[in-house]
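Participant: Could you put the whole structure together from the sequences, leaning on the hints where they help?
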Amino acid sequence: MISRRDFETAEAAYEQAVSQLRSARYSVDQAQARLQESQEQVQQTSIYAPIDGVVSRLNVEEGERVVGTDRQPGTEMMRIARLDQMEVEVDVNENDVVNVANGDTAMVEVDAYPDRSFKGVVTEIANSARVSGQGTQEQVTNFPVTVRLTSPHNLRPQQGSAGSPPDSTGGSPSVQRQEARFGPESMPTFRPGMSATVDISTATVTDAIAVPIGAVTVRDFNEVQPRPDSAAGKQPDGDARKKRARRERGGNEGSGGPGGRKEDLRRVVFAVEEGEARMKEVKTGISDQTHIYVRSGLEEGQTIVTGPYRAIREGLRPGMALRTPGGEPASGEEDGPTTASAE
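So the sequence shown is numbered by our numbering: it starts at 3 and just counts up by one.
A portion of the hints provided could be inaccurate.
Simulated DEER-style distance windows between Cβ atoms [claimed, not checked]: (1) Q87 / T208: 26 to 32 Å; (2) A19 / N61: 57 to 63 Å; (3) V57 / R297: 40 to 46 Å.
Calculated directly from the structure, the hints in this document are not laboratory data.
Note that the structure is predicted; figures quoted are calculated from it, not measured.
Even for Gly, the Cβ is constructed at its ideal location relative to N, Cα and C.
Facilitator: Next comes the structure, spelled out in structure tokens:
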């Protein structure tokens, strides 16, 4: 039994103690939050690279000030390169990039090693183009393609023995130079920024019959007729060539020539048989910068006619007599795949 006044005083003291306890707990939580923030700030003073590699560029030395905030770009401190997995980035023209696919093999020529070629594989093909000279006649559109080198490179050489001679540069006698020992052909050393040229193989055919690209022409079989002057080894005169050129240019390709006659365009190659040009219809496949694959129409060892494309396209006719560049009649019986030039 106490008075009401004493009861209210005790109740107020209890509520005050509970409030103080709750405030103390909040203070503890606040202190823990500040501690965690401080620990995170301390951790941010240590920079960790996302990959293993070699420092290829160092922009900031120890003791220099760096910046890194949410509103300001951070300071580039260094660059890490994975030298054992070097890549080459090349620009491929928009007309050729459609033929390139991930996994295509490539041959890489590095300017620092002019007498050697290295193997690579296509790993990335950009979807965004690089346009140079935009809005001008020299506008060029290229797409970056990444090729990873698969040939061994940048291997760590074996170090010399502990008894290597002292440094000849005049340094301390206690500092010894480590001499690298290499095999008959040392491993290439590639560094970021080197220039290279890449040849990407988009398709490959083995044991193929290939001819120079200029030897393949397109003829309208409806107009190809042996002519007396051609059989005698004479070339058509200038007026005849002009008329034939106008006739071949007349009408749309595949839709019809003069008078609405439909053209029969086929790819042909002229082979040398008995000293004369014999037209052979061929079916072609892939090609490189100089040769084209002939899928059918020719046999290995046949002699074909090569020369300026215009001369073969406009001046060469079936049955025309041929001579070799030395002036001798072309027999077509030479050993191996030889060629005779059209005059």
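Participant: Look at each hint and say if it fits the structure.
Facilitator: Hints and how they fare:
In this structure the hint that Q87 and T208 lie 26 to 32 Å apart at CB holds, the actual value being about 30 Å. As the Cβ distance of A19 to N61 is approximately 59 Å, the hint placing it in 57 to 63 Å holds. Distance hint for V57 and R297: a CB-CB separation of about 53 Å, inconsistent with the stated range 40 to 46 Å.
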